[in-house]
Amino acid sequence: AWVHGDPRKVIYPTDSYGQFCGQKDTLNENKTILFYFNILKCASPIVLINLQCPTTQLCVSKCPDRFATYIDVQASYRYKPDQWNYFKQFCKPGFNNPRKSVAQVLRDEDCPSMIIPSRPFLKRCFPDFSTKNGVLTVANQTTFRDGRGKTRNVTDLREAANGINNVLDARSVGMKIFEDYAISWYWILIGLFIAMIVSLLFLVLLRFTAGVLFWIFIFGVIGIIGYGIWHCYWEYDHLKGIPGSDLTVYDIGFQTDFRVYLQLRQTWLAFMIILCAVEVIIILMLIFLRNRIRIAIALLKEGSRAIGYIMSTLFYPIVTFILIAICISYWAVTAVFLATSGEPVYKVMANQTLCKYANLTCDPETFNKTNVTKLCPGAQCTFAFYGGESFYHKYIFIFQLANAFVFLWLVNFAIALGQCTLAGAFASYYWAYRKPADIPLWPLFSSFGRAIRYHTGSLAFGALILAVVQLIRVILEYLDHKLKGTQNSFTRFLLCCLKCCFWCLERFLKFINRNAYIMIAIYGKNFCTSAKEAFFLLMRNVVRVAVLDKVTDFLLFLGKILVAGGVGVLAFFFFTQRIPVFAQEAPTLNYYWVPLLTVIIGSYLVAHGFFSVYAMCVDTLFLCFCEDLERNDGSTAKPYFMSASLHRILGKKELSPKKA
Numbered sequence: 012a013w014v015h016g017d018p019r020k021v022i023y024p025t026d027s028y029g030q031f032c033g034q035k036d037t038l039n040e041n042k043t044i045l046f047y048f049n050i051l052k053c054a055s056p057i058v059l060i061n062l063q064c065p066t067t068q069l070c071v072s073k074c075p076d077r078f079a080t081y082i083d084v085q086a087s088y089r090y091k092p093d094q095w096n097y098f099k100q101f102c103k104p105g106f107n108n109p110r111k112s113v114a115q116v117l118r119d120e121d122c123p124s125m126i127i128p129s130r131p132f133l134k135r136c137f138p139d140f141s142t143k144n145g146v147l148t149v150a151n152q153t154t155f156r157d158g159r160g161k162t163r164n165v166t167d168l169r170e171a172a173n174g175i176n177n178v179l180d181a182r183s184v185g186m187k188i189f190e191d192y193a194i195s196w197y198w199i200l201i202g203l204f205i206a207m208i209v210s211l212l213f214l215v216l217l218r219f220t221a222g223v224l225f226w227i228f229i230f231g232v233i234g235i236i237g238y239g240i241w242h243c244y245w246e247y248d249h250l251k252g253i254p255g256s257d258l259t260v261y262d263i264g265f266q267t268d269f270r271v272y273l274q275l276r277q278t279w280l281a282f283m284i285i286l287c288a289v290e291v292i293i294i295l296m297l298i299f300l301r302n303r304i305r306i307a308i309a310l311l312k313e314g315s316r317a318i319g320y321i322m323s324t325l326f327y328p329i330v331t332f333i334l335i336a337i338c339i340s341y342w343a344v345t346a347v348f349l350a351t352s353g354e355p356v357y358k359v360m361a362n363q364t365l366c367k368y369a370n371l372t373c374d375p376e377t378f379n380k381t382n383v384t385k386l387c388p389g390a391q392c393t394f395a396f397y398g399g400e401s402f403y404h405k406y407i408f409i410f411q412l413a414n415a416f417v418f419l420w421l422v423n424f425a426i427a428l429g430q431c432t433l434a435g436a437f438a439s440y441y442w443a444y445r446k447p448a449d450i451p452l453w454p455l456f457s458s459f460g461r462a463i464r465y466h467t468g469s470l471a472f473g474a475l476i477l478a479v480v481q482l483i484r485v486i487l488e489y490l491d492h493k494l495k496g497t498q499n500s501f502t503r504f505l506l507c508c509l510k511c512c513f514w515c516l517e518r519f520l521k522f523i524n525r526n527a528y529i530m531i532a533i534y535g536k537n538f539c540t541s542a543k544e545a546f547f548l549l550m551r552n553v554v555r556v557a558v559l560d561k562v563t564d565f566l567l568f569l570g571k572i573l574v575a576g577g578v579g580v581l582a583f584f585f586f587t588q589r590i591p592v593f594a595q596e597a598p599t600l601n602y603y604w605v606p607l608l609t610v611i612i613g614s615y616l617v618a619h620g621f622f623s624v625y626a627m628c629v630d631t632l633f634l635c636f637c638e639d640l641e642r643n644d645g646s647t648a649k650p651y652f653m654s655a656s657l658h659r660i661l662g663k664k665e666l667s668p669k670k671a
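Residue numbering for the sequence shown is 12 to 671, as defined by this note's numbering.
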């Protein structure tokens, strides 16, 4: 890929001569836009973007801004030279012969038969569509002359560029979103910083008030959802009687301005029903799991003490984030080089439909020496697309799969390295008989060094197994996408079953790998041995796993929701200018939900990064506890390493030497 790839093929459009538009130090340096002689020959925007439209394509400095035909311009070039000078910039370079017959010009495609008002999009000239009173127009006109004696409707252009209006609408929305980000990025960063401070504060306080804070988590989430239900009801009741508010989402269809949906009572009713269902589910879970929640909170207190002694672990997710960012960058750049490693393919383009050489590959350097132009007058050897017939080019798709596999492998390895490093640090806390006196110096850095020096192969093997399953899932999704519309019911059912099975397999492997890495950090054994021992250890304590592990995950998830929801509510009041103190500071936005969603999602990810350390701590302590119970019996010869409080919560009733 690095040898054959050329990212310029993505950055710059390519004209019919295989030259890049807008590339520096070339004749097309100031011609950055691709112009199509006859856009009516193009079936869809996808064809245009893939550079396979069967018409001459030239690099131009700007798109046409008026209707004109070659016939009219040629007829008036003597007394209206300005029109000719304007039109000829869309002809082939060097062509300046208005005396040449129209038939020969159109046959040789020296100039386009017509030009229409266009605007650049994706560095290509597309018709400047607009809607006037519900009627599709181009430059306020509904018809145009095609330069070949016919008057055509602009809907023909719409059919030639099917769906382009939706793309342009999306671009308009995209520009507004970009503007909102440009105005509010500073406040978004402040929101994420607040989320980080709140997450850190909660984790620090958990060391002293784990029970109180987690009940605050729980009731805080219930309160936030309750406020959401009340707000939805208020909006629903407030819209009562307002004209148009009783319309349904189906009635108005898809709208790019999402504020339209907020003017419908049905939208707020749907939000209220969803929030009520979530509220009921959470309350029922709290009622039936209240005793187990108390047990999990006690375990979290022990975890908070471990983190309190090894505070550096809270910042390790930054290392994992950097490693994953490097993996993503490597994969993306390599994928671009692979996608652009094709060679220019030229094909014969003939105006005559009966030309037997049409669409055959050709060589532009030797094309004029062949008899194709004699048999098919006006035929040209023009650039079609990037590809190739060599062994390398035939298997580029396989190489892309290999690149995706390497990406999955590297990402899983980075995650595994983080899990093993944190597990080693927390295991050193647990197996210290006198806490904190026996905890080794710099436990996190020592654990990271051990993982890199001794456990790289085990971590890579575990990541490899997971990457294989994930790649199979990617292939299944690709097949499902390709077979849509053509598959029968059995194929659809089979694909659905396979996708479900491999999803379950991936979840199971992630669970096994996580606990295997903990055993690797404790004993230093290989991956297979550690995975087997971890699995059977968990099976021997399956009730404790179900009670503690999952309830703990649920509580930590509630913590993430509370952090994201609290910061989100604060951001909502700020960006909607409902906080009087900061009303003047709040930026004026096109869509207030753009920075709001960014803050909410970003806050959740920030909280997830900190709480994932806590989850790893609890999992490690739990596995160490199970191992401690099996290896030791509390006697003087084999004392328990767990703390007295943890022993009371999960194990025996008392710590006493075993009687002879």
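Hints listed in this document are in silico derivations from the structure and should not be mistaken for laboratory results. Quick reminder that beta carbons are idealized off the backbone N, C-alpha and C, glycines included. Keep in mind that a hint or two might mislead.
Straight-line C-alpha distance at most 30 Å; calculated DSS-like pairs for lysine-lysine [unchecked claim]:
| # | residue 1 | residue 2 |
| --- | --- | --- |
| 1 | K312 | K405 |
| 2 | K649 | K52 |
| 3 | K52 | K367 |
Distance windows between CB atoms, simulated [said to hold, decoys possible]:
| # | residue 1 | residue 2 | range |
| --- | --- | --- | --- |
| 4 | L581 | P254 | 31 to 41 Å |
| 5 | Y261 | N379 | 31 to 41 Å |
| 6 | W196 | D644 | 57 to 67 Å |
| 7 | R503 | K543 | 34 to 44 Å |
| 8 | R551 | W196 | 51 to 61 Å |
| 9 | I337 | I201 | 47 to 57 Å |
| 10 | T220 | A655 | 43 to 53 Å |
| 11 | A350 | Q152 | 32 to 42 Å |
| 12 | G29 | S323 | 54 to 64 Å |
Taking the hints in turn, this is what the structure says about them:
no.: 1; hint: K312 - K405; in the structure: 59 Å, violated
no.: 2; hint: K649 - K52; in the structure: 84 Å, violated
no.: 3; hint: K52 - K367; in the structure: 19 Å, holds
no.: 4; hint: L581 - P254: 31 to 41 Å; in the structure: 34 Å, holds
no.: 5; hint: Y261 - N379: 31 to 41 Å; in the structure: 60 Å, violated
no.: 6; hint: W196 - D644: 57 to 67 Å; in the structure: 59 Å, holds
no.: 7; hint: R503 - K543: 34 to 44 Å; in the structure: 38 Å, holds
no.: 8; hint: R551 - W196: 51 to 61 Å; in the structure: 52 Å, holds
no.: 9; hint: I337 - I201: 47 to 57 Å; in the structure: 27 Å, violated
no.: 10; hint: T220 - A655: 43 to 53 Å; in the structure: 20 Å, violated
no.: 11; hint: A350 - Q152: 32 to 42 Å; in the structure: 39 Å, holds
no.: 12; hint: G29 - S323: 54 to 64 Å; in the structure: 56 Å, holds
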